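J.: Please take these sequences and the hints and turn them into a complete structure.
Each chain, letter by letter, is given below.
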Amino acid sequence: MSSHIDALLQRDSFIERGARSRARALLDAGTMRELAGPFERLHSPWLAMQQLVTQADDGVVVAKGKLDGQPTVVLAIEGAYQGGSMGEIGAAKIAGSLELAARDNRRGIPTQAVILFETGGVRLQEANLGLAGIAEIQSAIVDLRRYRPVIGVSAGTVGCYGGMSIAAGLCSYLVMTREARLGLNGPLVIEQEAGVAEFDARRRGLIWSLTGGEQRVATGLADACVEDDTATIRATLTRLFAQGLPEQHRSERALDYLERLARVDTAVQAAPETVRTIYREGDAA
Amino acid sequence: MNENREASGRGAAWLRLLTDGAAAAHDWPAVRVVDALLAGQPARYVAVVPDPDNRFPRARNGEVGLVEGWQLARAVQEAVELDRAAPVKRPIVAVIDVPSQAYGRSEEAFGIHQALAGAAGAYAEARLAGHPVIGLIVGLAMSGAFLAHGYQANRIIALDDAGVQVHAMGKASAARVTLRSVEALERLAASVPPMAYDIKNYASLGLLWRVLQVNDAHAPGAQDLAAVRETLEAALADIVADRERGLSGRLHGPHRQASRRVRELLASQWEGAID
Numbered sequence: 140m141s142s143h144i145d146a147l148l149q150r151d152s153f154i155e156r157g158a159r160s161r162a163r164a165l166l167d168a169g170t171m172r173e174l175a176g177p178f179e180r181l182h183s184p185w186l187a188m189q190q191l192v193t194q195a196d197d198g199v200v201v202a203k204g205k206l207d208g209q210p211t212v213v214l215a216i217e218g219a220y221q222g223g224s225m226g227e228i229g230a231a232k233i234a235g236s237l238e239l240a241a242r243d244n245r246r247g248i249p250t251q252a253v254i255l256f257e258t259g260g261v262r263l264q265e266a267n268l269g270l271a272g273i274a275e276i277q278s279a280i281v282d283l284r285r286y287r288p289v290i291g292v293s294a295g296t297v298g299c300y301g302g303m304s305i306a307a308g309l310c311s312y313l314v315m316t317r318e319a320r321l322g323l324n325g326p327l328v329i330e331q332e333a334g335v336a337e338f339d340a341r342r343r344g345l346i347w348s349l350t351g352g353e354q355r356v357a358t359g360l361a362d363a364c365v366e367d368d369t370a371t372i373r374a375t376l377t378r379l380f381a382q383g384l385p386e387q388h389r390s391e392r393a394l395d396y397l398e399r400l401a402r403v404d405t406a407v408q409a410a411p412e413t414v415r416t417i418y419r420e421g422d423a424a
Numbered sequence: 596m597n598e599n600r601e602a603s604g605r606g607a608a609w610l611r612l613l614t615d616g617a618a619a620a621h622d623w624p625a626v627r628v629v630d631a632l633l634a635g636q637p638a639r640y641v642a643v644v645p646d647p648d649n650r651f652p653r654a655r656n657g658e659v660g661l662v663e664g665w666q667l668a669r670a671v672q673e674a675v676e677l678d679r680a681a682p683v684k685r686p687i688v689a690v691i692d693v694p695s696q697a698y699g700r701s702e703e704a705f706g707i708h709q710a711l712a713g714a715a716g717a718y719a720e721a722r723l724a725g726h727p728v729i730g731l732i733v734g735l736a737m738s739g740a741f742l743a744h745g746y747q748a749n750r751i752i753a754l755d756d757a758g759v760q761v762h763a764m765g766k767a768s769a770a771r772v773t774l775r776s777v778e779a780l781e782r783l784a785a786s787v788p789p790m791a792y793d794i795k796n797y798a799s800l801g802l803l804w805r806v807l808q809v810n811d812a813h814a815p816g817a818q819d820l821a822a823v824r825e826t827l828e829a830a831l832a833d834i835v836a837d838r839e840r841g842l843s844g845r846l847h848g849p850h851r852q853a854s855r856r857v858r859e860l861l862a863s864q865w866e867g868a869i870d
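Protein chains in written order, with this note's numbering: chain A, 140 to 424; chain B, 596 to 870.
For the record, the hints were derived by calculation from the structure and aren't laboratory data. Remember, it's a predicted structure, so these values are computed and weren't measured experimentally. A couple of the hints might just be wrong.
What the hints assert, rightly or not - Result set (EDC-like, lysine to aspartate or glutamate): computed pairs, CA atoms no more than 16 Å apart in a straight line:
| # | chain 1 | residue 1 | chain 2 | residue 2 |
| --- | --- | --- | --- | --- |
| 1 | B | 684 | B | 833 |
| 2 | B | 766 | A | 167 |
| 3 | B | 766 | B | 793 |
| 4 | A | 205 | A | 167 |
| 5 | B | 766 | B | 755 |
| 6 | A | 205 | B | 866 |
T.: Next up, the structure:
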């Protein structure tokens, strides 16, 4: 017991780090350079119009440097600011960086990307510009992943929701911790749209059992479920980048998923074990 | 509540008219895929329509659900596969009237985010492969459903009509998540352009290529059909004449100053001493 506590105390938690600290910890020591940083004072014009608190980096850190010697850009979303929501500026920082990384590759520089998804999705106070920005992020991921992997990490505790969960679904690889959740519609929104019988947003166990990191990896919807430990996450990224591009991106497997979904009994509510069975059988086939 | 929670049937109507009632390429009830001509050349038209008997109960009103997302992906992948070796890639027209993604427990459990990524990714791949992709908004273009079906297009055209709306989330949910009343949300939507639901405000964001006047968006006549055809053909010609395959054409609107500023900063700072 006491050794377990010691291990916990000595662990370098990734979750407890802020976005900037996460980015710095992933890149090789001394290589990180922040672009479009807080001193550029990129405050959201739309939040200001609504008398809401703005932040000089709009909650997204663009960190360029090296990972295991390879040119890498880390796009870290700050979950502690506005729920990691995507407004015009934050989304433009991510999309614009991925666009430049793709351009690098076309010019012979094999820049790769990591996105730290800590986000509820569109910032509803910037609604349509957030949605448009997310479409541009998705476009840029698909462009860049033709050359080098784009790896998504969802560490927690915000999780990854809304349009950004779709962006995560476009990544070459997805890394999650047990604390993270990945889903399109947040529990509150499902409860609002479909009723409490469909989804009770207070049932935390249910939420994690269906959308948590362990389940997503067990069902093949993510690639690695790792401890909340900075060195472990860094090592996992290094390993996945070294693998190179997957033979087929998960988002390209339409035929596989249609075949599996045909076997779902839709008369009953989905249970975690059912999803594991159907999606595992799909993999074996 | 005056929220429009169901597809209006416009998607099916416009798809039928634009393709002269040609037969569907698949027997899929909710995702309708029709091969027909555009400007005299083969094109693929795709629409999501209501399917009252959908196996997944949360996807019966025209929502984009698990199966719909992957079927959209497949429909677009097929067009890319057909033209793999062809010098001229066939245009893909997304006829858009989608009230939302499907909201449900099974949807989350089986990874609806991944199904929508399948669709969005397929459209983006098709565009990058040189297929002219055109989005035609004839009704609702909401949230994740729009991301999956249409938002990756080279050019987006919307009909100028009160029934045409674009947004990130329905009003009731948006109010709940942002801790506001629906009334407060509507007041803000009237003064903050990106928060509005109507097409006039949306057009001010610079994301649309054209906003098109029609006499009747719901039951279009011959004149409306001709106008839409002409605009689709013009969009196709515009795409073919443009070497750009990305979405940078959307950054010119008066309300996208911040998006442009961020990209300028990134471009000027991208190359650094360490590299």
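J.: Please name the hints from earlier in the document that this structure breaks, with their numbers sorted from lowest to highest.
T.: 2, 5
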